[in-house]
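**Q** Sequence:
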Amino acid sequence: MKKFRKVLDGLTTSSPVNPGGSPACGSAAGTPSTAPTPRELEIQETLMSEHFQICKTVRHGFPYQPTALAFDPVQKILAIGSRSGGVRLLGRPGVDCHCQHESGAAVLQLQFLINEGALVTACADDTLHLWNLRQRRPAILHSLKFNRERITFCHLPFQSKWLYVGTERGNTHIVNIESFVLSGYVIMWNKAIELSTKTHPGPVVHLSDSPKDEGKLLIGFESGTIVMWDLRAKRADFRIYYDEAIHSVSWHHEGRQFMCSHSDGSLSMWNLRNTAKPFQVTFPHGKTQRDGRKESCKPILKVEYKTSRNSSEAFVVFSGGLSYDKAGRRPTLTIMHGKAITVLEMDYPIVDFLVLCETPYLNEVQEPYAVVVLLEKDFVVVDLTQSNFPIFENAYPMDIHESPVTCTAYFANCPPDIIPVLYSIGAKHKKTGYSHKEWPVSGGTWTVGSQTYPEIIITGHADGSIKFWDATAITLQMLYKLKTSKVFEKPKSGDVGRSAELVEEDPFAIQMINWCPQSRIFCIVGISAHVILYRFSKHDANTTITSLEVRLQCEMEDVISPSDTENTPCFSDPSGLSPQPQPPSPRSNTPDSVRDSIPCLKVKDRMIRMPPGYQAELVVQLLWVDGEPPQQITSLDLNSAYGLLALGNCNGLAVVDYLQKTVLLCMNTLELYGSADPFQRLTRSPRKNRQSTSGLTELSDNQVSLDLERSKSPTSESRENSFSRSRSSSVSSIDRETKEAVTTLQFAESYGRKSDTLPTPCLWVGTSLGLVLIIPMSIPTDEQERQEDHVTMAPTGTVLMLKGSILRFAFLDCGGALINSPYEVWRDQHAPDDPDRPRKRKLVNFSPSSSQEASGDGHLAVVCSERQAKVFFMPSQACLYVHNITESSFVLRADVVSVCNSVCLACFCANGHIMTLSLPSLRPLLDVNYLPLTDMRIARTFCFTNGGQALYLCSPTEIQRITYSQEMCDNLQEMLGELFTPIETPEAQNRGFLKGFFGGNAQTFDREELFGEAAAGKGSRSLAQHIPGQGGMEGMKAAAGGVVGELARARIALDERGQRLGELEERTALMMASADTFSKHAHELMLKCKDKKWYQF
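The number in the working numbering is simply the position in the sequence shown, starting from 1, with 60 added.
If you are wondering where the hints come from, they were derived from the structure by calculation, not from laboratory data. It should be emphasised that the depicted structure is a prediction, and the values quoted were computed from it without experimental measurement. One or more of the hints may lead you astray.
[To be verified] Label-pair distances were calculated between CB atoms; the ranges are:
#1 S371 to Y513: 33 to 43 angstroms
#2 H1086 to P475: 52 to 62 angstroms
#3 Q219 to H1086: 18 to 28 angstroms
#4 R369 to Q317: 41 to 51 angstroms
#5 Y429 to S948: 55 to 65 angstroms
#6 A1075 to G388: 52 to 62 angstroms
#7 T603 to P475: 46 to 56 angstroms
#8 T603 to N944: 27 to 37 angstroms
#9 R666 to C115: 11 to 21 angstroms
[What the hints assert, rightly or not] Taking lysine-lysine pairs in the DSSO-like style, the calculated list, with each CA pair at most 27 angstroms apart, reads:
#10 K205 to K258
#11 K490 to K541
#12 K221 to K258
#13 K497 to K598
#14 K294 to K347
#15 K598 to K491
#16 K437 to K337
#17 K437 to K541
#18 K362 to K337
#19 K1078 to K1148
#20 K546 to K721
C-beta atoms are modelled at their ideal positions from N, C-alpha and C, and glycine is treated no differently.
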């Protein structure tokens, strides 16, 4: 533990803090001032660098750009592969694991080693990987890289250690799963087809062993050629040459017939007795035309043929096959059961599907019970056991991206009653009609960890919706959904609405979220320059929404006069932060020039019935000014104890009293300074260039615009464009537009003037030029007076300075503890009146003299900007500590968070670095280059929270949670679910004597005899290269936490003990043999010397 002491006596605000040439702190007039009384500030800091470590915890949401699907029918674990090389493993709720191939190559195919706790992945870089799932964090055990051939299809028979690998050249190779090396046994394409065939059969698209005889391998080629290969005899049993290209093949469980799906939308059925032609060809969706021909249909990409005991009719499930003439029809999954054909329309294209069956044995009646359908942007499970085929309610949060996520907020250690309340309200609006059966993907085990506390994630979306998620104990569950668009009138069909000119689409998109969990007051900022304030109620209400309109206009050019830059010593930034003046833009000649004093959206002005939950109370909208649309809101803060809401943009600041529904303050940035403006400004006419419509692509969570490629819509894919890791000294587009924007706001109990002896309610204002203003307020404390008397606000001219846009304020007491903002305790305004208990406002930590202990001793103010962090002592405004966070990049997000019973400043930079600094001394504790490349989506959604946690949107559909706490990293193993649980493999059904006699000798087939090194020789080393994985011993160590680990550890211990006992036995045997030899020699010597005299020796 280290003690930091800083002598305040003699420190002046105009003197530099460190000799490194960082900018000095100045008072309003630049005159020196000292702390009120000389004394020593003594704060014990407990956080050290060993308290911090970065690691990923869990990923939520739908796997982005999925490519492959697999299911273990015994373990009941599902795997989804993606285009970016990710693998998502899902079991029962809580069992959710994400793995990533380092190469980033797309996953082509997944194959479980059924009930073995392992998974084979085939990737687009022609590499096979074996993953060990017997540990909470799966790892790669082996890899096999193919050099000369491209992998197209893999097949692993149940309970076999030999993997069949088909390639683009038409060859089939065999890989030993245990050693992950190639067998010398190869089925070459020219041997598989007839010698007389003149054309190449194409890539291998299907491999499967016959259910009747495992010694027969069915090989399907893309061209339509099918070969039944006898593995023992090394020759083809039969060959089929079909005119249409093959997409998939599926066997009947008896092994006498199989079904193929083709590119012309047909299904062909083949019998092994007669392979000259199919015994049945059907076009399920193709009608016969007048000329007798079938109409052309789309390809059937996959078919599954499954039998059931309860019905003589088999299930045939396939995707595609619709006729081409039906344009605009959605993708379909078709279920044929007997003569009944059910077509299920899907919202997105089908990537893959699997029919889940009761048995893992292919030669038994399959008993299908569900179909898992993987779509491009969704995941659906269909219940096959009911005739109407209902879908299961999804057990995972796969709809985060239902509308694109535009911002996030993360709250740890919420009040414990808030989650049940939100869940009970949200449950009333859930959809019905789901299957009543249990969720079929139920593998793995998961228990709530010992260290859990209520956590809530809030996501804002492009359609104006808000979703509240329960994020407790690394899970994610939907609690409640709120649609902010319901506050506004729908634009008429003929009139696109005034918002169309401001934002081309998504006029309700959410930019910022502000939530007070204690008072349950919720506030959002929308892209159409609107703010909506909500209160929570358990009762429905009929009410009208109050609408306030604010005219924020800037009449001055907020730049520094070039001739006077050298005369401002308080802002001598050598990097040239000060933007240069630019000529005003020409006046727009569009009809917009006549628009004035109108908002972008129209609020409903009639009485509205509002259901229980969050109910809109107030809408604040910025107005058009002289034909110019309002500038987007860049900062927001709300305080429930004060009853005030503040918002700012590049034109100025507005403060609203939401209790009295009035606008208290509406000033441009220049007016806030008064005579204390440290810059000399140039006057000019109002800005006339049109506002960019790029919307949420420009704003990060801390409301600082970034230098990146712009896009027209917040929902377009181009907003994922990467941006430069460094930028010019003009750190934002706000600067380039020569505007001083209000970038952050914070209500707090603080000191507005140096002469103040007690803290009072204040509003701290941070701007894009690195200036901080403090505005003290006078708020009536009596409840009746608060409703009638006005709140007064008077800017004092207090100015503090930092380098770069201001991002965050926080306040510490003289002991280094975080001072929380005062708040109002929640009360239900629409609850029935109780005469015995009248409802009164109950405030926490708010009084004229403040309820803080030793309020007269002052407090510390932590201010963080894009480049710098400073700690000031209030009320003297003395700068105690300063730290230059970054010179080459800029901070995107900064938060003061609690970790290990202390507080620190956490920062996320545009160059991908995550940093933590101690408070108040600003000592660097952690600096990790976490995200090598970052993009706008991450910048917009990254946020820190208490307990050493953070999150960001790692793809348009997924939330990645991380921790920067060493303690949580240590406890992560027990928080994660177990993917593998020891389950006995179900026994195969008794085939009976006759079936076993006439059904071939499948049971006696020994693949080791055919594919082993002794029989087939070694595989070509130049064809495939073996790469050992990193997950061997690590996996064994990691598995030691669970049941499997205990078994593995016991097995290892027994092996070692047995080995030692064996060695001991050998040593004992050697000693006994040695003793026998010695005894024998001694006896011989005795006999030899028995009759000799002493002198004969």
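**Q** Against the structure shown, which of the earlier numbered hints fail to hold, in ascending order?
**A** 1, 4, 7, 8, 9, 10, 12, 13, 14, 16, 19
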